[in-house]
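Heads up: the protein sequence lines correspond to chains H and E, in order. Note that this note's numbering has the first sequence beginning at 1, numbered continuously upward. Note that this note's numbering has the second sequence beginning at 1, numbered continuously upward.
One or more of the hints may lead you astray.
Said to hold, decoys possible - List of simulated lysine-lysine pairs, DSSO-like, C-alpha gap at most 30 Å:
id : chain 1 : residue 1 : chain 2 : residue 2
1  : E       : LYS172    : E       : LYS309
2  : H       : LYS164    : E       : LYS100
3  : E       : LYS34     : E       : LYS264
4  : E       : LYS34     : E       : LYS100
5  : H       : LYS164    : E       : LYS172
6  : E       : LYS49     : E       : LYS264
7  : E       : LYS264    : E       : LYS57
8  : E       : LYS176    : E       : LYS300
9  : E       : LYS57     : H       : LYS164
10 : H       : LYS164    : E       : LYS264
11 : E       : LYS325    : E       : LYS176
12 : E       : LYS57     : E       : LYS268
13 : E       : LYS325    : H       : LYS164
14 : E       : LYS100    : E       : LYS57
15 : E       : LYS325    : E       : LYS309
Please keep in mind that the hints were generated in silico from the structure rather than gathered at the bench.
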Amino acid sequence: MDKMPKWADVVLLPLISLLLAGAISALVLLATGVNPVAALGVMIDGALGSTRGWGYTLYYATNFIFTGLAVSVAFHARLFNIGGEGQALLGAVGVTLACLMIPWPHWTIALLAAVVASALFGAAWALIPAWLQAKRGSHIVITTIMFNFIAGALLNYLLVEVMKPAGIMEPASANFPPAVHLPNFADMLAPFGIPFSPEAPANVAFLLALLAAFLVWVLIWRTRLGYEIRAFGFSETGARYAGISGTRIILISMLISGALAGMMSVNNVMGEAERLVLNSAEGAGFIGIAVALMGRNHPVGVVLAAVLFGFLYQGGAQLSFQLQIPTEMVTIIQALVILFTGALDQMIRAPLERAFLSLRKARA
Amino acid sequence: MTLTHKFLSATAALALTAGAALADPALIFDLGGKFDKSFNESAFGGAQKWAAETGGKFGEFEITSDAQREQAIRQFAEGGSNPIVMAGFSWATPLETVAKDHPNTKFVIIDMVVDAPNVRSVVFNEHEGSYLVGMMAAMASESGTVGFIGGMDIPLIRKFACGYAQGVTAVKADAKVIANMTGTTPAAWNDPVKGSELTLAQISQGADVVYAAAGGTGVGVLQTAADQDILSIGVDANQNYLHPGEVLTSMLKRVDVAVYDAFKAGDKVEVGVNVMGIANSGVGYALDEHNAALVSADMKAAVDAAAAKIASGELKVHDYMSDEKCPALTF
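Required output: the full structure, derived from the provided sequences and hints.
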C-alpha cells in the first residue's frame, strides 16, 4: 500500500520543495538588500510577462526537455547517464555536418536530416560507455562523465582545426545557409494572426521536444521494450531470470538516451545559433539530471520541470539585468531549487508521509 | 495589455530599477564572469575608474549563456544606454544583427572587428606584447627552456603563444618553448589547480620561466612558480604584485583603457577599427617596484629597443591570425 496518495507525490511534494527553496532564496535576497517580492515580480514579468520572455523560457525549456528525457529513459533501466552534456555536444556536431555539407532545398527536409544526424551522433557517443558497462562492468557514471570532457576536447579540435573558416578569431563553424533556418514562434504563429516577438529564440524544435516526450511515454509504458527496461531497472536479477538480456537493455536504453540528448542540438544549434560554437550545450546536459529528478522520470513531469527551469533561467537573467544584482545570486536561487526538489526530496517526503499516515489512522 | 504596451512598461521598469538614466554607458561581460582576474575584470576596472572620476553610473550584465548575447545588447539599447561596450570575440555575430536595429546607439566591441557605421572595434596586438615578454623570459632563463600555459586551445591563445615563442627564439635561437593548454571546457579559464599541475610538469621538463595566458588559471601558475622558486609572467593586467620579486613581468593588454576611453567619449565615441598595439601603449610589459630587481639594465635596454622597432614598423612580429601558422611553435 502506498504511504500517501499519488497526487501528493507528484503535485504536493514538488510544490512544498519549491516553496521552501523560494523562502530561503527570499532570505538570501533580503540579506543582500533586495526586496524578494519585487524580485519575484521581475522574474515572473521577465520570463512570462511578454512574448519575448515566453520565447526565451520555452527555448531553454526545449533544451531541458530533451536532456531530461535522456536522463529519465536511462534511469528507468537504473543507469545514471551523466553524459548528456557530451552527447549533446556530439549531437551538435551531427547537426552542423547535416546543415553545412548538403544544400537543402527546404528547412523541413533539413530538420529531418538534422534530427537523424543529431540522434545518431548522440547515440554513438553513449554507445561506448554503455558497451563498457554491459560487457566490462565499468561504472556508467564514471565513464559518461569522462566522455563529457573527451567530447569537449573533440569539439575544440574540430572547431579550431577543421570547421572554423580561415582568418576568423572565434572558434565557430561557418553560419548555416538561410535555407535551413527553422521557423521560430513568430513565424509559426503569424498565420493564425497571433503576434509573437521575432527576437525570441523558441522555435519549431519545441514541438519536436513535446513529440519526443510523448514517444518516450509510449515507449516506457506501452511497449514490450519499455516493460523490459523497467523490469531491468527494478531488479536486474529478476529481469535476467525472466529471460531479459541485460546487455541488450543497457545498450538500447543508453542509445535512446544518447539520441535524445543529442537531439537537443536541433534546438540550440540549428534553431538558435545557426552555427556551432565551443561548449554549445552550456550545461543543459547537467540540468537534465535535475529536471528528470524533479519530473519523477515521467515525460509529463519532465516537460513541466523543464518549463520551470526555463523560467528560472530566463527570469534569473532578467533579475540580474533589471535589479543589477550579480549572476552569482541567480545561481544561488537556481541551486536552491535543484537542492530542494532533487537532493532533499527525502527530507520533505518523510514528514509528509507520516502526516498522511496519521491522517489515515485518525479516519480509521 | 497590448504587446507594445508591455514592451514600453518593461523598458520603463528597466530604466527605473537599473538606476541608469538615459545615455549612461553599459558594459556587458563575456562568459567567464566579471571577476576572472583577467580579461573581464580588466574591463570592469576601466569602467570603475571612469565611474570614480566622473561620478557617473553605468549598466552592467554578466551573461551565463550564448543565447543571452543578443538579448543583453538589445535590452541595453532599448533602455537607452549609450555607448554599449562588450568584451570578447563572441559578441560579433549578435552585434551585427542588433547594431542594424539601433542605428542611433554606439557600440564598442573588444577583440573582434564588426563593420557597421555605429560600431567601434578595438583589437589588440597581443602577439607584440607577448614577443616582448618572450624576450625577457629567454634572457632570464638559465636552463634555456621556458614554458607557456594557455587556457584553451583557441586561435586567440595561439596568437599569444606564437608571439611569445618568437620573442624567446629571437634572443636564444636554440631555446626550447614548452606550450600546454589547460583544458577543453570553459572551466579551463578558472582552474588554478590544473594551472599549478601544468607548471610543475613544465618545471620537471626544465622550464624556469612560465608565461600564463589562461585567465584565473594563471593565479595557480604564478603561485606554483613562486613556491618552486622559478619565474613567472602574468597576463592582461599587471600581476607583478601577486608575488613580489618572483613574477618577472606581466604582459599588459589594456582592455581597461579601451573601456575607459569609450565611456569617457560617451555617445560621441569614434567608430571604426582601433588597433591597440605597442605603438599606442595598448599592449606592453609591466615594470614596477615588485619586479625592478628582476629586470636588469641590459634586459630593459634590449626589450625597449625591440619595442621601439615594433612601434616604428621596422620589426614585424608574425601574427598567428594572419595565416594561422606559427614559425616559432607548432600546436
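Q.
Tell me if the straight-line CA distance from LYS34/E to LYS264/E falls inside 30 Å.
A. holds (21 Å)
Q. Is LYS264/E close enough to LYS57/E, meaning Cα to Cα at most 30 Å?
A. Status holds; Cα separation ~12 Å.
Q.
Does LYS164/H sit within 30 Å of LYS57/E, going by the straight-line distance between their CA atoms?
A. Given that 30 Å is the threshold and the Cα spacing comes to 39 Å, the pair is violated.
Q: For the pair supplied as a hint, LYS164/H and LYS100/E, confirm whether the alpha-carbon distance does not exceed 30 Å.
A: holds (25 Å)
Q: Sort out whether LYS164/H lies within 30 Å of LYS325/E, counting only the CA atoms.
A: Satisfied, since the Cα-Cα distance of roughly 14 Å is no more than 30 Å.
(Q) Need the status of pair LYS176/E, LYS300/E: alpha-carbon distance at most 30 Å? (A) holds (22 Å)
Q: Assess, step by step, whether the Cα of LYS57/E is no farther than 30 Å from the Cα of LYS268/E, and give holds or violated.
A: holds (17 Å)
Q) LYS100/E and LYS57/E: Cα distance at most 30 Å? A) Roughly 26 Å between the alpha carbons, so the hint for LYS100/E and LYS57/E holds.
Q | LYS49/E paired with LYS264/E [C-alpha distance capped at 30 Å] | A | Since the Cα atoms of LYS49/E and LYS264/E sit roughly 10 Å apart, the hinted pair holds (cutoff 30 Å).
Q: Starting from LYS172/E, check that the Cα of LYS309/E is at most 30 Å away, please.
A: Answer holds: LYS172/E to LYS309/E is near 19 Å, not above 30 Å.
Q) Is LYS164/H close enough to LYS172/E, meaning Cα to Cα at most 30 Å? A) Measuring from Cα to Cα gives roughly 34 Å; hence the hint is violated.
**Q.** Pair hint LYS325/E and LYS309/E, alpha-carbon separation not exceeding 30 Å
**A.** holds (23 Å)
In this structure, the earlier hints numbered 5, 9, 10 are contradicted, and the remaining ones agree with it.
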